[in-house]
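Guided by the hints, dock chain B onto chain A, whose structure is given.
Same order as they appear, the protein sequences are chains A and B. Anchor point for the first sequence: position 430 equals 429 in numbering that gives the first Met the number 0, and the numbering is continuous, going up by one each time. Anchor point for the second sequence: position 161 equals 160 in numbering that gives the first Met the number 0, and the numbering is continuous, going up by one each time.
Just so you know, these hints were derived from the structure itself, not from any lab. Some hints could be false.
[Said to hold, decoys possible] Just some of the chain A residues that point at chain B, by a computed CB distance under 8 angstroms:
{"id": "1", "residue": "P21"}
{"id": "2", "residue": "E47"}
{"id": "3", "residue": "A74"}
{"id": "4", "residue": "E77"}
{"id": "5", "residue": "L147"}
{"id": "6", "residue": "E151"}
{"id": "7", "residue": "R219"}
{"id": "8", "residue": "T325"}
{"id": "9", "residue": "R355"}
{"id": "10", "residue": "A371"}
[What the hints assert, rightly or not] Below 30 angstroms or equal to it, Euclidean Cα-Cα: the simulated DSSO-like pairs (lysine-lysine) are:
{"id": "11", "chain 1": "B", "residue 1": "K351", "chain 2": "B", "residue 2": "K125"}
{"id": "12", "chain 1": "B", "residue 1": "K351", "chain 2": "A", "residue 2": "K267"}
{"id": "13", "chain 1": "A", "residue 1": "K394", "chain 2": "B", "residue 2": "K267"}
{"id": "14", "chain 1": "A", "residue 1": "K116", "chain 2": "B", "residue 2": "K60"}
{"id": "15", "chain 1": "B", "residue 1": "K116", "chain 2": "A", "residue 2": "K351"}
{"id": "16", "chain 1": "B", "residue 1": "K116", "chain 2": "A", "residue 2": "K125"}
{"id": "17", "chain 1": "B", "residue 1": "K401", "chain 2": "B", "residue 2": "K447"}
No residue lacks a Cβ here, since even glycine has one placed at the ideal position from N, Cα and C.
2 protein chains.
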Amino acid sequence: MTRDEPSIIQPRAVSGFPEWLPEEEAEFQRLLTIIREGFETFGFTQIETPAAELMEVLASKGEINKQIYALYRPAAAEEERETDLALHFDLTVPLARYVAMNFEKLTFPFRRYQIQKVWRGERSQKGRFREFYQCDIDVIGHETLDPLNDAEIPSVIYEIFRRLEIGDFVIRVSNRKIMQGVLADAGVTGETALDVLHVVDRLARIDKETVHRELMDECRLSASLIDSILNIAGIAGRGADVLQKLGALSITNPVFILGMDELKLLVKNLGALGVPDSAIEVDLSITRGLDYYTGTVYETFLRDYTDLGSVCSGGRYDNLASHFTTQRLPGVGISIGLTRLFAYLLEAGVVKPAARTPAKVLVTVMERARLADYFAVATALRRAGIPTEVYLEDKRIKAQVKYADKKGIPLALIAGEDEFSKGVWQVKDMRNGTQTAVPQNDLNASIKILLGV
Amino acid sequence: MTRDEPSIIQPRAVSGFPEWLPEEEAEFQRLLTIIREGFETFGFTQIETPAAELMEVLASKGEINKQIYALYRPAAAEEERETDLALHFDLTVPLARYVAMNFEKLTFPFRRYQIQKVWRGERSQKGRFREFYQCDIDVIGHETLDPLNDAEIPSVIYEIFRRLEIGDFVIRVSNRKIMQGVLADAGVTGETALDVLHVVDRLARIDKETVHRELMDECRLSASLIDSILNIAGIAGRGADVLQKLGALSITNPVFILGMDELKLLVKNLGALGVPDSAIEVDLSITRGLDYYTGTVYETFLRDYTDLGSVCSGGRYDNLASHFTTQRLPGVGISIGLTRLFAYLLEAGVVKPAARTPAKVLVTVMERARLADYFAVATALRRAGIPTEVYLEDKRIKAQVKYADKKGIPLALIAGEDEFSKGVWQVKDMRNGTQTAVPQNDLNASIKILLGV
Numbered sequence: 000m001t002r003d004e005p006s007i008i009q010p011r012a013v014s015g016f017p018e019w020l021p022e023e024e025a026e027f028q029r030l031l032t033i034i035r036e037g038f039e040t041f042g043f044t045q046i047e048t049p050a051a052e053l054m055e056v057l058a059s060k061g062e063i064n065k066q067i068y069a070l071y072r073p074a075a076a077e078e079e080r081e082t083d084l085a086l087h088f089d090l091t092v093p094l095a096r097y098v099a100m101n102f103e104k105l106t107f108p109f110r111r112y113q114i115q116k117v118w119r120g121e122r123s124q125k126g127r128f129r130e131f132y133q134c135d136i137d138v139i140g141h142e143t144l145d146p147l148n149d150a151e152i153p154s155v156i157y158e159i160f161r162r163l164e165i166g167d168f169v170i171r172v173s174n175r176k177i178m179q180g181v182l183a184d185a186g187v188t189g190e191t192a193l194d195v196l197h198v199v200d201r202l203a204r205i206d207k208e209t210v211h212r213e214l215m216d217e218c219r220l221s222a223s224l225i226d227s228i229l230n231i232a233g234i235a236g237r238g239a240d241v242l243q244k245l246g247a248l249s250i251t252n253p254v255f256i257l258g259m260d261e262l263k264l265l266v267k268n269l270g271a272l273g274v275p276d277s278a279i280e281v282d283l284s285i286t287r288g289l290d291y292y293t294g295t296v297y298e299t300f301l302r303d304y305t306d307l308g309s310v311c312s313g314g315r316y317d318n319l320a321s322h323f324t325t326q327r328l329p330g331v332g333i334s335i336g337l338t339r340l341f342a343y344l345l346e347a348g349v350v351k352p353a354a355r356t357p358a359k360v361l362v363t364v365m366e367r368a369r370l371a372d373y374f375a376v377a378t379a380l381r382r383a384g385i386p387t388e389v390y391l392e393d394k395r396i397k398a399q400v401k402y403a404d405k406k407g408i409p410l411a412l413i414a415g416e417d418e419f420s421k422g423v424w425q426v427k428d429m430r431n432g433t434q435t436a437v438p439q440n441d442l443n444a445s446i447k448i449l450l451g452v
Numbered sequence: 000m001t002r003d004e005p006s007i008i009q010p011r012a013v014s015g016f017p018e019w020l021p022e023e024e025a026e027f028q029r030l031l032t033i034i035r036e037g038f039e040t041f042g043f044t045q046i047e048t049p050a051a052e053l054m055e056v057l058a059s060k061g062e063i064n065k066q067i068y069a070l071y072r073p074a075a076a077e078e079e080r081e082t083d084l085a086l087h088f089d090l091t092v093p094l095a096r097y098v099a100m101n102f103e104k105l106t107f108p109f110r111r112y113q114i115q116k117v118w119r120g121e122r123s124q125k126g127r128f129r130e131f132y133q134c135d136i137d138v139i140g141h142e143t144l145d146p147l148n149d150a151e152i153p154s155v156i157y158e159i160f161r162r163l164e165i166g167d168f169v170i171r172v173s174n175r176k177i178m179q180g181v182l183a184d185a186g187v188t189g190e191t192a193l194d195v196l197h198v199v200d201r202l203a204r205i206d207k208e209t210v211h212r213e214l215m216d217e218c219r220l221s222a223s224l225i226d227s228i229l230n231i232a233g234i235a236g237r238g239a240d241v242l243q244k245l246g247a248l249s250i251t252n253p254v255f256i257l258g259m260d261e262l263k264l265l266v267k268n269l270g271a272l273g274v275p276d277s278a279i280e281v282d283l284s285i286t287r288g289l290d291y292y293t294g295t296v297y298e299t300f301l302r303d304y305t306d307l308g309s310v311c312s313g314g315r316y317d318n319l320a321s322h323f324t325t326q327r328l329p330g331v332g333i334s335i336g337l338t339r340l341f342a343y344l345l346e347a348g349v350v351k352p353a354a355r356t357p358a359k360v361l362v363t364v365m366e367r368a369r370l371a372d373y374f375a376v377a378t379a380l381r382r383a384g385i386p387t388e389v390y391l392e393d394k395r396i397k398a399q400v401k402y403a404d405k406k407g408i409p410l411a412l413i414a415g416e417d418e419f420s421k422g423v424w425q426v427k428d429m430r431n432g433t434q435t436a437v438p439q440n441d442l443n444a445s446i447k448i449l450l451g452v
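Chain A on its own, in the form it takes in the complex (with noise of 0.2 angstroms):
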């Protein structure tokens, strides 16, 4: 800094990484707390790993993320400078390093979820965030994992959605086996496969026709195929309709019938599963983007904000960490993208910005000769798990309870030499501006009566 820059840094936030007012992050956490107990609901455990994994690590896959935030230390010495270490951009390849590292220790199926910031450097956009929460859950199996968890995975996402209380929503769900099949029995498979499905997954987003010049055009299928492909991708509905257009198609590929299987264990098991038919649709244009995922797959959609696209979307896979070991890792899991949700559902008031403090009582202090008797009823608040402020400011009482106004604490509680002396405190609802005497010793379950808890 040199001696002409003022000395006054203008605080300013940096573009993509987002921060919340108090209010806005209270509203933040307890979303965050429902969805980390839908997820222990299910009985999956917790992980964490650390920010930062190394280089290698991270380009695991042969390349390294053209997104990805690497570290180095301006102030150190010159030859300490520079690091091996990288910022995570996803929680799935340090899922795959951590099980593959602590692989004698963990139990399989290995059931864990995730829950923490990832890191990649966005140009910056609107909706576009280069720091976001990640709430990732994933079902790990050592050599095989039963179809079956591919059914209940839709089951955790319900749960957490229904709980979430932000409006209807669809849990779309395919299967890639099915799309591979009828490729395969055209002799369409590898790369070629891959970049079908691909095209097929934009049908979301662009034309038929155009999907269908692509199809032609990059990918060299025949248009019978294509016509077929078309078909099959256009297949969208209950689960039972679908399976049975599916069956009515005569195909007999294996892989297309373990795909079809697959999916009729699925639908099958929601009922019991507590999925009801309204949320589920069966989709078959779904393949989802990424070339990771080997069989069943999923979107979800909240109904009313569709322009949000998919906000809980995975899929099957067949081996989560093969960069990493030799032990053969099948998985199911998904992902929720918390960040970008909240804010979407924050600036078109689905979400509202709740209190801006924890705090249901506020102890105003009219006397502070006895400042004793204000600690001491405080005291007795928190310790029977109300949480309390005591205003400890030299105010005068009105500033006192326009601060709980302000903060939007539930209780003022208000008591002076004449209060003192009859062994009452005034009980003030902010929340309607009623104000009751409460003798001292019917205090703690009058405030839990009004307080409901």
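Here is chain B on its own, set in the frame of chain A:
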């Protein structure tokens, strides 16, 4: 990656970036939740700031922290590789930036907590972490902040460490104004006074003779002043006793008197705030290294593990954000370095790994033809708030029960055709091996009783 490299990359953890096994993480999260709830009990509200700040924000004091990790994008286009970002190395600078930036939108006194990872490029060394959790609270006033806030802080520390149940602890309290007043009386102020406080702070680690010599040689204090200072630094014990000894010194310096008054206020209110005498020690040798502090300072020691050093420290400061705003923002706060504390407690066996899963019930599957029945009972348990896992792999019942045992799931449900025909479930208590047949209708209630929820 060249062709000659092996395709398997040895999965490695990064030195100084700790991560835990699931059963350790569960325990870590338990402690984190106690701290969080403790903070909220006192009406502190959560904020979260991004992991990265602008370099100019982090270097606001004029120099870049030597341990800072900055970000660059190794795989981006040449002109986009550099960034102006670095990871925060504490939560205080981000708080200052946040409060200055959102000044108009916050209600003061602003009581915030922040539980986040911070990063420091430390040399690799046992017990030194490069990534670790800090759990911070601060109360920030606008223009003024009543000294009562200093008095309340020990009650937050006390409540949290009481709930953590990790053994006896003592909160050591002092006030830097006391020593500063004595120095000012002798004409020692500014940088020299701060140097003296730094030397005195080392009394806990080095012998009194060395401190004496440093005060003479480096701070150029007179022999009589050194005697007074070491005399005061030697005063420690119960608050009332310390205050009496200080009073007997008949020092009239106004800064000294102010420090004594603040200490008196603190000592006087601790009882009403629920802090027993046994948990507090006034110790005037504590000055804390940081120049940042201007009054009350705190340190917290576990009596059985004093080699761990202070596990919760902090203090009072005059102005939080002078680099970012002309608003005067006095504050008081503390920080718990949870990662270091947890790693120590885990190694010492004071905290123990918890269960490997949050699941309380494992529904085993004996008859795969009746999957819907097993899923239905799991769904009912989940809806009743009981974390439940269904064993989905196609294994014999013995392997399934063994899985419950390995994961530490307390109850296993078992049902075959016999049970289905009778409408009962076998409930196996894994903790003691007992097994009871429970009618389907009584299942949720019985399980709640067994789990004590």
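Hint check results:
1. P21: Where the cut-off is 8 angstroms and the nearest Cβ of chain B is about 5 angstroms from P21/A, the hint holds.
2. E47: holds (6 angstroms)
3. A74: At about 4 angstroms, which falls below the 8 angstroms cut-off, the nearest Cβ of chain B leaves the hint on A74/A intact, so it holds.
4. E77: With a closest approach of 13 angstroms, the E77/A hint is violated.
5. L147: holds (4 angstroms)
6. E151: holds (7 angstroms)
7. R219: violated (29 angstroms)
8. T325: Hint on T325/A: holds, closest Cβ of chain B at ~7 angstroms, below 8 angstroms.
9. R355: The hint holds - R355/A has a Cβ within 8 angstroms of chain B, the shortest such distance being about 6 angstroms.
10. A371: At 4 angstroms from the nearest chain B Cβ, A371/A passes the 8 angstroms test, so the hint holds.
11. K351/B <-> K125/B: holds (20 angstroms)
12. K351/B <-> K267/A: violated (42 angstroms)
13. K394/A <-> K267/B: Judged against 30 angstroms, a Cα distance of about 21 angstroms means the pair holds.
14. K116/A <-> K60/B: The given pair, whose Cα atoms are some 28 angstroms apart, holds under the 30 angstroms limit.
15. K116/B <-> K351/A: This hinted pair holds, its Cα atoms lying about 27 angstroms apart.
16. K116/B <-> K125/A: holds (27 angstroms)
17. K401/B <-> K447/B: The given pair, whose Cα atoms are some 22 angstroms apart, holds under the 30 angstroms limit.
Hint compliance for this structure: hints 4, 7, 12 are not met, and every other hint is.
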